[in-house]
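Visitor: Each chain is listed here by its residues.
There are 2 protein chains.
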Amino acid sequence: MAKGKKATEETSKLIVGFGENIVHEIKIQKPPKFSTVARSRSNIVFDSKKGYLTLGKATEERNFINAAQTKRFMQTVAIASKCYKFLNENLHTSIRGLFYQLKYSLGEDIDENIFSEQAESNPLIEDLEASLGVRREDLNLNATRRGVLAGNMKVIDSYGDDRITTDTSKMGRSGWAIPSDVDNEIEFVDVKAKYVLVVEKDAIWQRLNEDGFWKKENCILISPQGQATRGTRRLIRKLADKGLPVYVFNDGDAWGWYIYWTIKTGSINLAYIGSDIATPEAKFIGVTMSDLEKYTFLKKMTLKATEVDIKRAQEMLEYQWINRHKEWVEELKKVLKLKMKLEQDTLQGPRLTFIGDYIREKIKNQDFLP
Amino acid sequence: MAKGKKATEETSKLIVGFGENIVHEIKIQKPPKFSTVARSRSNIVFDSKKGYLTLGKATEERNFINAAQTKRFMQTVAIASKCYKFLNENLHTSIRGLFYQLKYSLGEDIDENIFSEQAESNPLIEDLEASLGVRREDLNLNATRRGVLAGNMKVIDSYGDDRITTDTSKMGRSGWAIPSDVDNEIEFVDVKAKYVLVVEKDAIWQRLNEDGFWKKENCILISPQGQATRGTRRLIRKLADKGLPVYVFNDGDAWGWYIYWTIKTGSINLAYIGSDIATPEAKFIGVTMSDLEKYTFLKKMTLKATEVDIKRAQEMLEYQWINRHKEWVEELKKVLKLKMKLEQDTLQGPRLTFIGDYIREKIKNQDFLP
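So the protein lines, in turn, are chains F and C. Just so it is clear: in the first sequence, position 310 is 821 by this note's numbering, and no numbers are missing. Just so it is clear: in the second sequence, position 242 is 753 by this note's numbering, and no numbers are missing.
Keep in mind that the hints were calculated from the coordinates and are not lab data. Fair warning: this is a prediction, and the values are worked out from it, not measured in the lab. Please note that a few of the clues may not be correct.
Repeated chains share a single entry, so a pair holds when one copy, or any two copies, can fit it.
Said to hold, decoys possible - Once the Cα atoms are required to be at most 30 angstroms apart in a straight line, the calculated DSS-like pairs of lysine-lysine come out as:
{"#": "1", "residue 1": "K544", "residue 2": "K614"}
{"#": "2", "residue 1": "K810", "residue 2": "K541"}
{"#": "3", "residue 1": "K582", "residue 2": "K875"}
{"#": "4", "residue 1": "K705", "residue 2": "K681"}
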């Protein structure tokens with residue numbers, strides 16, 4: 512896996528190798544082809560020992576001399592060629608930007624317009640990532656970014672011409688915006704914290720940031736600001752690799768559970784980079800149905816579970832990576848029985864700072880769902 | 512309008528005055544009431560001289576002794592009381608947090624649960640804002656934040672216990688995250704830039720940031736990251752107040768136009784704070800249909816306009832604040848004729864850095880839509 516300062520050269524070499532193999536096969540009069548890991552549902556497995564969704568051993572061949580694959584083969588080669596160029600130029604773009612480059616021209620002399628929809632190029636980027644064993648971020652393709660962080664940590668960012676050190680304990684009300692790529696040309700140093708606290712909603716992040724929660728408790732406070740992006744998931748993984756426990760505080764509803772499980776076990780769509788972005792060590796702080804017994808004021812603060820919440824709870828009970836935890840089975844059965852949901856914002860009811868006390872107590876008592 | 516360091520005290524005084532009026536009326540045995548500016552459609556006007564959507568002179572009375580209004584009156588007083596508390600505590604929350612505080616308890620001794628949906632409290636917050644002549648941010652209520660900035664400027668942020676100075680030219684790939692409230696306890700100093708460039712999409716912001724566009728051109732580079740929040744619109748207004756021209760670079764489609772016009776003239780929903788958040792001086796850089804003639808490669812990069820784009824273009828031709836500009840009438844008629852749209856990402860087609868050249872040329876030639 513290409514990472515760090517030498518990433519560009521390493522990834523460039525991989526693309527050159529990819530191209531040389533194709534040229535070699537043409538020279539020896541064989542049909543040019545390459546292989547990639549199968550990303551179909553049947554090859555997505557839950558690794559119960561490691562605790563995340565990943566791909567099985569099935570590979571697939573992309574063959575130029577195959578009427579059904581010729582166009583896609585050409586398109587993938589064009590994508591590889593564009594990414595090689597981006598790496599040489601030391602410039603990044605989005606997958607939308609890549610799509611328009613492909614629409615403009617396939618390469619030096621080829622003015623063929625073989626891309627009409629971005630839906631065509633997206634799966635081929637994944638083919639290339641899986642085939643080369645790199646992430647799109649290594650190919651200078653920026654994924655959507657979202658997420659904010661505060662805590663005792665420094666970031667050394669060599670993106671562009673500058674080398675900028677940012678102290679993420681000095682970001683005021685704004686916090687530090689988590690970038691698309693947290694691997695290449697970026698370093699996280701002086702991480703002086705006891706744990707990572709992830710809170711689903713930005714409004715709750717702001718509340719806790721104002722209380723100086725991360726300072727008092729010496730934690731790294733992150734909000735994915737909704738569903739966690741690739742970059743935010745990767746950063747959480749990297750912080751866990753530094754030995755920090757990861758606690759997630761979300762709504763007790765379909766969306767909150769989904770965000771948690773995506774952080775913990777990865778997701779079906781990103782199973783091909785599961786080991787890079789899943790944090791199986793993560794624990795769920797709440798909000799949980801058993802909070803209703805402990806914090807009795809919550810009883811008047813519940814909302815009616817929606818159909819989506821109910822359906823999601825039923826589905827989750829079917830997933831082996833969830834139903835192997837009896838605590839989650841219990842929690843989800845309570846939801847199905849009570850038909851209620853609880854939001855994390857609720858914990859501001861008694862007083863605005865109560866939300867921090869709730870988290871403190873949960874962590875002190877190690878009162879989590881797995 | 513309460514702003515700056517004394518904001519808390521000023522706003523608190525306004526709330527006290529609001530309460531004292533009610534108490535006074537009870538004492539003299541009159542029905543307690545307060546008045547607010549009418550926010551109904553019939554009172555929303557386009558101020559053609561100033562160039563933004565605002566409220567007319569119609570006021571509405573909220574009367575306690577009116578069966579239809581009693582509950583809402585009580586609710587508004589409860590909201591005022593909560594905000595007064597937040598100001599005294601020097602703590603902020605979201606309108607969701609406020610809703611849960613109201614659900615928990617209306618005040619010291621009142622355990623009545625008169626709020627069942629947040630939809631009930633939201634319009635009453637606006638009643639209170641309009642009645643007191645403050646923004647919700649002055650009431651320590653955080654609105655959703657989104658948006659990122661880079662440029663030669665410093666921010667002095669006194670939120671919480673610290674007083675933090677951030678140099679927004681040293682934010683690397685992340686940029687500075689625009690907060691919810693850009694008025695209270697925050698200052699923008701050393702703004703050394705020639706203009707403000709707003710780009711709709713974060714991916715384009717990242718592209719231009721990587722190119723050092725804001726550094727080379729000495730501009731403040733902002734992305735609202737989609738629709739501009741209250742905070743981002745207010746910040747653009749404040750930068751325009753410092754004498755900087757504001758140029759907006761968006762997609763040439765329904766959403767891109769909408770984002771532009773919201774920045775320029777404000778919106779119907781926020782007409783009650785129109786003067787604070789609209790920037791009528793803003794100009795539209797593109798992407799425009801006439802770009803198709805100038806940059807001929809764009810012809811193969813167009814997308815088919817969707818039904819939403821067509822419907823929006825038709826609606827826009829009806830708005831007096833748009834159809835008074837003949838250039839916009841021409842542009843929208845072209846859209847309706849060609850049934851095409853163009854995305855800003857397209858300008859990366861020839862090479863990734865072309866997008867900066869396009870903007871440079873547009874600004875050099877002052878080639879804008881009004």
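Visitor: At most 30 angstroms between alpha carbons: which applies to K544 and K614, within, between, both or neither?
Guide: Answer is within; shortest intra-copy Cα gap is 24 angstroms, inter-copy 63 angstroms.
Visitor: If the cutoff is 30 angstroms on CA atoms, where do K705 and K681 land: within, between, both or neither? Let me know, please.
Guide: Answer is both: 18 angstroms inside a copy and 28 angstroms across each meet the 30 angstroms cutoff.
Visitor: Taking 30 angstroms as the upper bound on the Cα-Cα distance, should K810 and K541 be classified as within, between, both, or neither?
Guide: neither (70 angstroms within a copy, 39 angstroms between copies)
Visitor: Under a CA distance limit of 30 angstroms, which applies to K582 and K875: within one copy, between copies, both, or neither?
Guide: Neither: 58 angstroms inside a chain and 42 angstroms across chains, both beyond 30 angstroms.
Consistency with the previously given hints fails for numbers 2 and 3, ordered from lowest to highest.
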